[in-house]
Amino acid sequence: MRERRSLRNPLRIMPAARVAVVALIALAGCSLGQRDNRLDARNASAAHGVGTALTEADIAAWNIDVAPNGHGLPPGSGDVATGARVFAAKCAACHGAHGEGGLGDALVGGQGTLSSAKPKRTVGSYWPYATTLFDYIRRAMPYNAPESLSADEVYALSAFLLNQSGIVPADARLDAASLPRVAMPNRDGFVPDPRPGRL
Amino acid sequence: MKPLEIAPSSRVPGAPVLEHPYGVPSPREATVVRRSARAWPLPGAASSMTPLADLYGTITPNGLVYERHHGGVPDIDPDQHRLAIHGLVRTPKLFTMDDLLRLPAQSSIHFLECSGNTGSEWNGPSGLPVQLTHGLLSCCEWTGVRLSTLLEEVGGVSALTRAQGGAWLLAEGADAAAMTRSLPLDRIIERALVVYAQNGERLRPENGYPLRLIVPGFEGNTNVKWLRRLKVVDAPLQTREETSKYTSLLANGTARQFVFEMDAKSVITRPSPGHRLTTHGYYPISGIAWSGRGTIRKVEVSTDGGASWRLARLDGVPGDRALTRFEADWRWDGAPAALLSRATDSTGYVQPTREQLVAARGLNSQYHYNAIQQWRVQADGEVRNA
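If you read the protein sequences in the order shown, they are chains X and V.
For the first sequence, my numbering begins at 546 and goes up steadily by one.
For the second sequence, my numbering begins at 90 and goes up steadily by one.
Chain X on its own, in the form it takes in the complex (with noise of 0.2 Å):
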């Protein structure tokens, strides 16, 4: 591989130098300011060449990360009774019967306690996008086997989480289209980080 590789260098010395300068370009006319010089530097070296190129096609089994907007979900959708009965054969045994927590996280309740003295933060207090739930229990959940839930599992999981918050109804179902418009309740309860300056 690495023989066939370096026979091939010659061929693409020319492309791979085209690239370099582009990218130098790219990263000149926009942020990276006052590094520019440094990057120059660096830049007349850069594209070494290596590495295979990658279609999406190649990475879809990768690339399952969900944006805010809803950018990422796939087809499918489920159910709050579906989502309840996915919930009672494979989450409830570490998150408890409703959500309400055991060797997991609580994942409902706490609305109305982040100000108090006991916060309880759970998906239905605290989480800022409905996303956010179908990107993590998709690739993280349940814990002893992640990645094994199908999208109209994860779909109906959301659902029926989100009913139990009180945020969606009980005849509600979700797909990628409805998903990204679920209100979370703490959708505007974050503030950037004023450090430095303040502590």
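Don't read these hints as lab results, they were simulated from the structure.
Source: prediction; values computed, not measured.
No residue lacks a Cβ here, since even glycine has one placed at the ideal position from N, Cα and C.
Among the clues, some could well be false.
[As the list claims (entries may be wrong)] Below, simulated EDC-like cross-link-like pairs (lysine to aspartate or glutamate); rule was C-alpha separation at most 20 Å, straight line:
| id | chain 1 | residue 1 | chain 2 | residue 2 |
| --- | --- | --- | --- | --- |
| 1 | V | Lys334 | X | Asp733 |
| 2 | X | Lys663 | X | Glu645 |
| 3 | X | Lys635 | X | Asp697 |
| 4 | X | Lys663 | V | Glu210 |
| 5 | V | Lys334 | X | Glu645 |
| 6 | V | Lys182 | X | Glu601 |
| 7 | X | Lys635 | X | Glu645 |
| 8 | V | Lys334 | V | Asp187 |
| 9 | V | Lys334 | V | Glu156 |
| 10 | V | Lys387 | V | Asp409 |
| 11 | X | Lys635 | X | Asp650 |
| 12 | V | Lys334 | X | Asp650 |
| 13 | X | Lys665 | X | Asp733 |
| 14 | V | Lys182 | X | Asp603 |
| 15 | V | Lys182 | V | Asp323 |
| 16 | V | Lys334 | X | Asp738 |
| 17 | V | Lys182 | V | Asp168 |
| 18 | V | Lys387 | V | Glu416 |
[As the list claims (entries may be wrong)] What follows is a set of in silico ranges between Cβ atoms, one per label pair, in the way DEER data are often shown:
| id | chain 1 | residue 1 | chain 2 | residue 2 | range |
| --- | --- | --- | --- | --- | --- |
| 19 | X | Ala598 | V | Pro193 | 19 to 25 Å |
| 20 | V | Gly152 | X | Ala690 | 28 to 34 Å |
| 21 | V | Arg473 | X | Arg743 | 30 to 36 Å |
| 22 | X | Glu601 | V | Pro132 | 35 to 41 Å |
| 23 | V | Ala449 | X | Glu692 | 38 to 44 Å |
| 24 | V | Gly437 | X | Ala598 | 31 to 37 Å |
| 25 | V | Gln467 | X | Ala728 | 54 to 60 Å |
| 26 | V | Gly152 | X | Asn614 | 43 to 49 Å |
| 27 | X | Thr597 | V | Glu444 | 52 to 58 Å |
Dock chain V against the given chain X, drawing on the hints supplied.
Then chain V, alone, in the frame of chain X:
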């Protein structure tokens, strides 16, 4: 004094070479190990802490580097491992470990600190020893490829993302938690490394083998282990680890988000709780200081609970976003004492008191506790976190 005798070890040959092909510490150092502050309900979603009181200098031995996992330690074959770099880049690419080892390497010494470190002290002295108050902290020489080099290999970042207010980088692990964090690219591009080695050898499994991200000065969680994917995006993904966790709840019910840099901090490691001073007279006060925003400019020490302060000596030249060892002379006269250290970093930031932190953030912000730490020395010589 009894006249010295020839020791038994001097009268017989010792063990042969290669008794331990990979060396191990003396069995007499068997208590110098990582420990957890509590029993975690899921042992793979847990942390263990570095025994700071038993360490010297500033480098943490690989077997003692603190751990924090969210889905256990994966067993990854480096020949099968791949790093994908995609999103808003010109030429998305997949890199093998061989590919990464062929790129120009850089070694840098940086601390890693979990932003939950010392959270035990928000409500006042916990009574815990320094391993369990400050041990989510380690410092290694990391070797790997600059993030900027890798972004050059994929042809650079789309100018469009810059126009929209700056690109972000989603970093994702290949562990069972598929841990993800969104990082502001402009703030990390000059320093971040994608590393395959620590302290001269390949990463340990629990520290990300075979590949991890190092973002010098940023909270530990952002230094994604078992790194499989870097995706350039135009806005943070709002992952669970940057919304539900690693956000700091303030007294008014709002929470700070994307709190990245670990501010300047210091702690005395000797003497510290669990130690007992056995004689009156000279004791050096030794500790470590660090800042996620640069180097340590000075460390001051107090032995009277903060009524008076004096400069400690810094051991060697302080490194950028690395641990710095400090030491101050002290003679213990047998009276109760209260030992404190206070760091100032290269930006002029002075390590705050607990009262200042609580006034600014309340008692529920959980992360980023960096207050001045006090150890009490009792008249009997016992040192306590009280």
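Outcome of the hint check:
1. Lys334(V) x Asp733(X): holds (16 Å)
2. Lys663(X) x Glu645(X): holds (16 Å)
3. Lys635(X) x Asp697(X): Answer holds: Lys635(X) to Asp697(X) is near 14 Å, not above 20 Å.
4. Lys663(X) x Glu210(V): holds (17 Å)
5. Lys334(V) x Glu645(X): holds (18 Å)
6. Lys182(V) x Glu601(X): holds (10 Å)
7. Lys635(X) x Glu645(X): Judged against 20 Å, a Cα distance of about 15 Å means the pair holds.
8. Lys334(V) x Asp187(V): violated (35 Å)
9. Lys334(V) x Glu156(V): holds (17 Å)
10. Lys387(V) x Asp409(V): With Cα atoms ~14 Å apart, Lys387(V) and Asp409(V) stay inside 20 Å; holds.
11. Lys635(X) x Asp650(X): holds (15 Å)
12. Lys334(V) x Asp650(X): Within the cut-off at roughly 11 Å; holds.
13. Lys665(X) x Asp733(X): With Cα atoms ~17 Å apart, Lys665(X) and Asp733(X) stay inside 20 Å; holds.
14. Lys182(V) x Asp603(X): Judged against 20 Å, a Cα distance of about 10 Å means the pair holds.
15. Lys182(V) x Asp323(V): With a Cα-Cα distance of about 19 Å, the restraint between Lys182(V) and Asp323(V) holds, given a limit of 20 Å.
16. Lys334(V) x Asp738(X): holds (15 Å)
17. Lys182(V) x Asp168(V): holds (17 Å)
18. Lys387(V) x Glu416(V): holds (11 Å)
19. Ala598(X) x Pro193(V): 19 to 25 Å: Holds: the Cβ-Cβ distance is about 21 Å, inside 19 to 25 Å.
20. Gly152(V) x Ala690(X): 28 to 34 Å: Because 31 Å falls inside the window, the suggested range holds.
21. Arg473(V) x Arg743(X): 30 to 36 Å: holds (33 Å)
22. Glu601(X) x Pro132(V): 35 to 41 Å: At 37 Å between Cβs, range holds.
23. Ala449(V) x Glu692(X): 38 to 44 Å: Holds: the Cβ-Cβ distance is about 40 Å, inside 38 to 44 Å.
24. Gly437(V) x Ala598(X): 31 to 37 Å: violated (47 Å)
25. Gln467(V) x Ala728(X): 54 to 60 Å: holds (57 Å)
26. Gly152(V) x Asn614(X): 43 to 49 Å: holds (44 Å)
27. Thr597(X) x Glu444(V): 52 to 58 Å: Holds - the Cβ-Cβ distance for Thr597(X) and Glu444(V), about 56 Å, lies within 52 to 58 Å.
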